[in-house]
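Enquirer: Here is what each chain is made of, one letter per residue.
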Amino acid sequence: MDIKEFLDQDQKKDLLRLLTCGSVDDGKSTLIGRLLFDSKKLYEDQLDALQRDSKREGHAGEDIDYALLLDGLKAEREQGITIDVAYRYFSTSKRKFIIADTPGHEQYTRNMITGGSTANLAILLADARKGVITQTKRHTFLVSMLGIKHVVLAVNKMDLVDFKQDVFEQICDDYRKFTTTLGIPDITFIPVSALKGDNVVDISNRMPWYHGKSMLEFLEDVHVVSDRNFDDLRIPIQYVIRPTLDYRGFAGKVASGVIRVGDEVMALPSGKKSKVKSILTSEGDVDYAFPPQSASFTLEDEIDISRGEMVVHPNSTPHVERHFEAMLVWMDEKPMDSYTQFYIKHNTHSTKARIDKIKYKVNVNTLEKSEVDHFELNEIGRVVMTSTKPLLFDPYKKNRQTGSFILIDTITHNTVAVGMILDKMSSDKLHSRITDKEKEQIVKSGSLISTEEREKRYDQKAQTIWITGLHGSGKNELAYSLEKELFEMGKTVVVLDGKRVRSGLSSELDYSPSDRAEHLRRVAHIAKILNDQGILVICSFISPKESIRQQIKEIIGENRFKLVYMDADVEFCKKNDKYGLYKQADEGNIKHLPGVDEEYDIPVIRDFTIKSGENINIEEIVATI
Amino acid sequence: MNNYNLNNLRELEAESIHIIREVAAEFENPVMLYSIGKDSSVMVRLAEKAFAPGKVPFPLMHIDSKWKFREMTEFRDRYAKENNWNLIVHYNKKGFEEGVGPFSHGSKVHTDIMKTQALLEGLNKYKFDAAFGGARRDEEKSRAKERIYSFRDKYHQWDPKNQRPELWDIYNAKVHKGESIRVFPISNWTELDIWQYIRLENIPIVPLYYAKERPIVEFNGAKILVDDDRMPKELTDTAKMEMVRFRTLGCYPLTGAVDSDADTIEKIVEEMMTTTKSERTTRVIDFDQEASMEQKKREGYF
Chain A
1 MDIKEFLDQD QKKDLLRLLT CGSVDDGKST LIGRLLFDSK KLYEDQLDAL QRDSKREGHA
61 GEDIDYALLL DGLKAEREQG ITIDVAYRYF STSKRKFIIA DTPGHEQYTR NMITGGSTAN
121 LAILLADARK GVITQTKRHT FLVSMLGIKH VVLAVNKMDL VDFKQDVFEQ ICDDYRKFTT
181 TLGIPDITFI PVSALKGDNV VDISNRMPWY HGKSMLEFLE DVHVVSDRNF DDLRIPIQYV
241 IRPTLDYRGF AGKVASGVIR VGDEVMALPS GKKSKVKSIL TSEGDVDYAF PPQSASFTLE
301 DEIDISRGEM VVHPNSTPHV ERHFEAMLVW MDEKPMDSYT QFYIKHNTHS TKARIDKIKY
361 KVNVNTLEKS EVDHFELNEI GRVVMTSTKP LLFDPYKKNR QTGSFILIDT ITHNTVAVGM
421 ILDKMSSDKL HSRITDKEKE QIVKSGSLIS TEEREKRYDQ KAQTIWITGL HGSGKNELAY
481 SLEKELFEMG KTVVVLDGKR VRSGLSSELD YSPSDRAEHL RRVAHIAKIL NDQGILVICS
541 FISPKESIRQ QIKEIIGENR FKLVYMDADV EFCKKNDKYG LYKQADEGNI KHLPGVDEEY
601 DIPVIRDFTI KSGENINIEE IVATI
Chain B
1001 MNNYNLNNLR ELEAESIHII REVAAEFENP VMLYSIGKDS SVMVRLAEKA FAPGKVPFPL
1061 MHIDSKWKFR EMTEFRDRYA KENNWNLIVH YNKKGFEEGV GPFSHGSKVH TDIMKTQALL
1121 EGLNKYKFDA AFGGARRDEE KSRAKERIYS FRDKYHQWDP KNQRPELWDI YNAKVHKGES
1181 IRVFPISNWT ELDIWQYIRL ENIPIVPLYY AKERPIVEFN GAKILVDDDR MPKELTDTAK
1241 MEMVRFRTLG CYPLTGAVDS DADTIEKIVE EMMTTTKSER TTRVIDFDQE ASMEQKKREG
1301 YF
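Chains as they are written, first to last, in the working numbering: chain A, 1 to 625; chain B, 1001 to 1302.
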């Protein structure tokens, strides 16, 4: 073989990205140092520098301190710790390797998640003398959450347990028991001594009972290509290349699936379809492109697709939703403020999102769940989220590329959290948006004029008359006749009804229970603000849920809130329906209409009951004002 | 049977192209810093591929320290012209007029004024909000922890303790006015990858990378090429012809040659595979002070 052939051959090797986790004591740095060193890729002058450094700052006496090779920044070296993710590179004749090396100390979660996000494989270190400890479990949980499919448990320091097989077997058993519920598809156990080099590169003759591969052999052979999803085409469009007026190259990385010339493809969220005319990759014009290639393609028809949209096959589409649940990892020093909106970046699409609810926090050491109202640095939990524009996603478990996102603080622009989207959950099951915490959030007026002074000026007691009832029960008639009566009496009054609020303030919200809750929350806060200004408010909303009406009452304040129930059965309302909503709901054209496919809770406690269709006696209500 | 295997160079290439396109799409005014070296040559080729068959939507900027090898400047102008690049050449005018140079002022002052200050000046002048650089993580220890999108404050400073988390292939491009991002699309490439890719893609490089008989003097413990008459005469007089090549290119008085007879790309790759010296040892500036690269990075140098 001449040099040209050799190089041609060498170029064909593939790439394995791996994560190593463990703390200083586990001998992780020693293991990596040895992999780098023994695979002949440690350059001589790095060694020279190392021997010089070892004498001055080393922590390993006269021996070579492999860990020093791996410490990068000066401040860290002085402290004897590594504080972030560091990337190492080495290659053998079979493969090229990128190691994301992360420390095991206090910032472990943030760093491990960062390093592991691109890894195909994770090496976890366990000390043979200690076995499976809390740290091992914590790392394993994070690795499984990140969807890393291959895990190697390196049982290190075998020399300190006399290379005993039963010690190794016991640790393997313990680990298998712990991981049964985590669903990691491929787990491998290797007994090693990183310090002495046993089973790291070459098979050790001191453990004849071990019949597996050495660490390096295993890393060279493990099959990872099939981990990629070649079935469901997802190309998030990054950029449109337009060198001439008649050429439109849609550029993007193939996140999953395979795109071929002639394929029928669909752009989302527009739903427009066309056929693939040509595909261009770094290797020129090709017949197909697959992950993780960066490609650009042209279509037969002239359709508009812009950055943030996605191209798929029409028979396999992602979810297109504004509501979703995710595992969220808080990455910022500043704790989460659950009331703010964030920028969310998902694939090439950026929009805003809010956290509606934290379902639980996971303790990464015990895997126990607990209720919390915010996250702090390195905390992980399950959240319910809503984005301003719909996201095009797949659950992270099925598609790492289209199931992951980052949250960016709108003021500091820091990446404050990262998330992995869970299996799709119907928006109907979402919890209401009005939380206990929000009650505390109701701000006290900072004005120099008190509500009492205003009430005196307007000669009225500011309060909110909240009218609830089915669509067509006559809420608006009552609301506006009350307004007129009060106006004529010289009172200052405002009416809020569904049509007005939804046409502007709540225009992006739909009729799903979660959006309805958000809509009503906004109305309640407006009513509260107006009341604080001494103004009377009449609200006319179906507001079907008792729990939400309860929360509205808490926002506005019990002593300012009067609930009026329009007592009418569905048959009456149907006759009185000026918009034809019931007909449409019966035909299945619209969803979430209370009284049809959504329950209406009749208020148990109410201040007034008006029987629809009968003469309305508003004096009774007016008298209370 | 379809082959969905991607070899390591093509995978690295795909990653880099993805990064370059993200920057072009999300920033208002990006620039690609071009050092004329082998890494820059690869990065420039990747940019050309990312927007093919269209034109690359951002300019190249070369920070000229006025002490580059002559062959580099010639190569730069020819390459930009032949490949239809919009090339900006910026240098520190004040420093140049005051005659700042490595022989008279030493490497530290020269690098600070003619490279770091010149770079910051260039970035401010054109108000670039993103600047691509051809740095690689395997080059030097402090770069192993560098992000692909490296945030810089309005003074272009890097804070190694306060870097943004960077996950999957989702990059945070949000900056306030005046702040910027240095982007390193070839972070994950090694020196060997660069050479293999240059061979695979037949990328033109400055001839100084190939071994040749050249006039060499010993200066600061390195083999320095006699490139022009600004070198002090007492040094020039000691010149000997030696068979050498350069593993990195920069200012000629600060860049040491290595003994080599690798005069073809194959021989260079072969040499790389068996080499025992890492590449930055041929750069004098890194040895100025302990952890000097990290210090320079904090100040705004790449």
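Wrong hints could be hidden among the right ones.
[Claimed, not checked] Below, computed lysine-lysine pairings styled on DSBU-like, alpha-carbon distance capped at 35 Å:
1) B/K1055 <-> A/K272
2) B/K1240 <-> A/K12
3) A/K137 <-> A/K196
4) A/K273 <-> B/K1177
5) A/K4 <-> B/K1223
6) A/K357 <-> B/K1177
7) A/K397 <-> A/K499
8) A/K352 <-> B/K1174
9) B/K1267 <-> A/K12
10) A/K12 <-> B/K1212
11) B/K1177 <-> A/K4
12) A/K369 <-> B/K1177
13) A/K591 <-> A/K389
14) A/K12 <-> A/K352
15) B/K1174 <-> A/K397
16) A/K357 <-> B/K1055
17) B/K1081 <-> B/K1154
18) A/K389 <-> B/K1127
19) B/K1240 <-> A/K273
20) B/K1154 <-> A/K334
21) A/K359 <-> B/K1174
22) A/K357 <-> B/K1174
23) A/K389 <-> B/K1154
24) A/K397 <-> B/K1240
Honestly, the hints are just simulated from the structure, not real lab data.
Enquirer: Which of the stated hints cannot be reconciled with the structure, identified by number in ascending sequence?
Expert: Structure breaks hints 2, 4, 7, 11, 12, 14, 16, 19 and 24.
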